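2 protein chains.
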Amino acid sequence: MILYSMPSSGNSYKVRLLLALLGHDKVPRSDVEYDSAALATAHREGRLPFGKAPVLMLEDGTALPESNAILCFLGEGTPFVPQDPVARAKMLSWMFWEQNQHEGVIAVRAALRNYAHRKPGATPERMSDLLTRGHALLQIMEDQLAQRDWLVGDSATLADLCLFAYTHSAGTLGGFDMDRFPAIRAWCARITTLPGYAALS
Amino acid sequence: MILYSMPSSGNSYKVRLLLALLGHDKVPRSDVEYDSAALATAHREGRLPFGKAPVLMLEDGTALPESNAILCFLGEGTPFVPQDPVARAKMLSWMFWEQNQHEGVIAVRAALRNYAHRKPGATPERMSDLLTRGHALLQIMEDQLAQRDWLVGDSATLADLCLFAYTHSAGTLGGFDMDRFPAIRAWCARITTLPGYAALS
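Top to bottom, those sequences are chains A and B. Quick note: the first sequence uses the working numbering, first residue 1, plus one each step. Quick note: the second sequence uses the working numbering, first residue 1, plus one each step.
Don't read these hints as lab results, they were simulated from the structure. If you're wondering where the values come from, they're calculated on a predicted model, not measured in any experiment. We put the CB at the ideal spot given by N, CA and C, even for glycine. Among the clues, some could well be false.
Each pair of labels, with its calculated beta carbon distance range [unchecked claim]:
| id | chain 1 | residue 1 | chain 2 | residue 2 | range |
| --- | --- | --- | --- | --- | --- |
| 1 | B | H24 | A | D35 | 46 to 52 Å |
| 2 | B | D149 | A | S36 | 28 to 34 Å |
| 3 | B | R190 | A | T123 | 41 to 47 Å |
| 4 | B | D84 | A | A189 | 44 to 50 Å |
| 5 | B | D154 | A | A186 | 44 to 50 Å |
| 6 | A | P28 | B | P182 | 17 to 23 Å |
| 7 | A | G196 | B | A186 | 43 to 49 Å |
| 8 | B | P182 | A | E45 | 20 to 26 Å |
| 9 | B | R190 | A | E45 | 26 to 32 Å |
| 10 | B | L58 | A | D143 | 17 to 23 Å |
| 11 | A | D143 | B | L131 | 35 to 41 Å |
Short, incomplete list of chain B residues facing chain A, as computed with Cβ under 7 Å [what the hints assert, rightly or not]:
| id | residue |
| --- | --- |
| 12 | A69 |
| 13 | S93 |
| 14 | N100 |
Covered by chain B, according to a simulated footprint, are these stretches of chain A (three or more residues, beta-carbon under 8 Å) [claimed, not checked]:
| id | segment |
| --- | --- |
| 15 | 60–71 |
| 16 | 96–106 |
| 17 | 109–120 |
Turn these sequences into a full structure, and let the hints guide you.
Rendered as structure tokens:
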């Protein structure tokens with residue numbers, strides 16, 4: 001297997017984090033640059049089927065895109081995927097919500113603040129709207145984590161790992177007010193104590 | 001089980017379509033209105049955990065949100081979910097891509113054109129940008145479907161059903177030029193011939 005990974009991307013980090021937690025951090029990595037011409041070439045050549053990273057290239061030549069699909073593939077049969085059908089479904093609910101709602105606000109605001117050269121359009125109105133929407137999304141996580149240590153069940157699942165990727169830097173990179181969310185901050189700290197944990201680097 | 005479903009929403013339609021194909025169209029439905037006050041109340045009362053439809057309320061009282069997570073829950077063990085791990089992962093790649101990329105462009109442009117009262121912001125620049133991006137996304141599907149009848153494997157999977165929901169109306173509702181995409185049009189026609197198929201209504 002080879003992981004095509006973008007160093008600064010939370011979506012790529014998710015996969016690197018799961019590999020580290022599984023003790024599979026020897027999977028070779030190929031760093032992908034955030035450069036639209038390079039991405040288009042990689043897409044055309046079949047390395048990045050949807051034109052973005054991460055992609056896990058499997059031994060049979062399959063190029064598997066989408067961070068959360070890669071997590072499901074690598075996580076199946078490990079303690080990070082519950083066996084119970086309802087718990088599995090709840091885990092997937094958080095994962096689809098992460099891609100449909102959370103990433104488009106939390107990660108996008110961070111990108112607009114920190115990578116304006118490659119992500120233009122940070123008008124004051126847009127930044128303010130993203131701040132309000134982001135706080136509402138983080139409140140949904142806070143409400144859940146105020147009642148329990150992990151998003152689903154009694155131990156860390158793929159739902160926690162995928163949401164950690166952009167949430168742990170939502171204050172520093174995204175400018176969200178994390179003082180409002182003590183349960184999220186405690187959950188982030190909890191994740192860093194998992195055996196094998198690797199920080200974004 | 002009860003399905004909380006929004007009649008005009010493609011995300012809700014996906015679930016109704018799968019239930020019809022599985023012959024489970026007797027699952028009771030409760031229609032959810034697109035009204036922000038009603039959605040906020042339902043969210044507060046625990047019926048819509050992420051504040052949106054669809055939600056499948058299970059017999060044990062679990063409220064399961066996110067259309068694609070509901071598809072996975074209902075589809076497990078049926079012919080719509082492949083057994084092979086790589087095929088399952090590819091199916092999930094398309095499903096996460098649908099929520100992360102496709103829906104935010106294809107469905108959003110349709111909503112801006114048809115439901116301006118509840119989705120403002122249809123500036124000419126935005127509509128033009130969504131058109132360009134939508135055609136690029138549809139081209140990714142076209143490239144795949146020009147080579148094969150179904151997105152993954154040799155028969156319809158959840159990937160086809162979830163992408164059908166907003167793609168089949170991308171021309172009529174979204175204003176996308178579907179004449180460019182003959183393979184997508186053939187695939188849409190193929191889906192309507194599946195036993196039990198139910199149109200959006």
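Each hint, compared with the structure:
Between B/H24 and A/D35 the beta carbons are some 48 Å apart, a value that agrees with the proposed interval 46 to 52 Å. Between B/D149 and A/S36 the C-beta distance comes to about 32 Å, which sits within the given range of 28 to 34 Å. The supplied range of 41 to 47 Å is met by B/R190 and A/T123, whose beta-carbon atoms lie about 44 Å from each other. Separated by about 39 Å at the C-beta atoms, B/D84 and A/A189 break the suggested range of 44 to 50 Å.
A beta carbon spacing of about 48 Å between B/D154 and A/A186 agrees with the range 44 to 50 Å that was offered as a hint. For the hinted restraint 17 to 23 Å between A/P28 and B/P182, the CB-CB distance of approximately 40 Å leaves it violated. Distance hint check for A/G196 and B/A186: the Cβ-Cβ separation is about 47 Å, which falls inside the suggested range of 43 to 49 Å. In this structure the supplied range 20 to 26 Å holds for B/P182 paired with A/E45, their Cβ-Cβ distance being about 25 Å.
At roughly 29 Å, the beta carbons of B/R190 and A/E45 sit within the given window of 26 to 32 Å. Between B/L58 and A/D143 the Cβ separation comes to about 20 Å, which falls inside the hinted range of 17 to 23 Å. For A/D143 and B/L131, the Cβ-Cβ distance of about 38 Å falls inside the hinted range of 35 to 41 Å, so the restraint holds. Restraint check, B/A69 versus chain A: the minimum CB separation of about 4 Å is within 7 Å; hint holds.
Checking B/S93 against chain A: minimum C-beta separation of about 4 Å stays under 7 Å; hint holds. Evaluation of the B/N100 hint against chain A yields a held restraint, the C-beta minimum of about 4 Å falling below 7 Å. Figure legend: the segment 60–71 of chain A, annotated as covered by chain B; annotation consistent (9 residues with Cβ-Cβ distances under 8 Å, at least 3 required). Here's how the segment 96–106 of chain A fares: 7 of its residues keep a CB closer than 8 Å to some CB of chain B, so the rule of at least three is met and the hint holds.
For the segment 109–120 of chain A, the stated coverage by chain B is not satisfied: 0 residues place a CB nearer than 8 Å to a CB of that chain, which falls below the threshold of 3.
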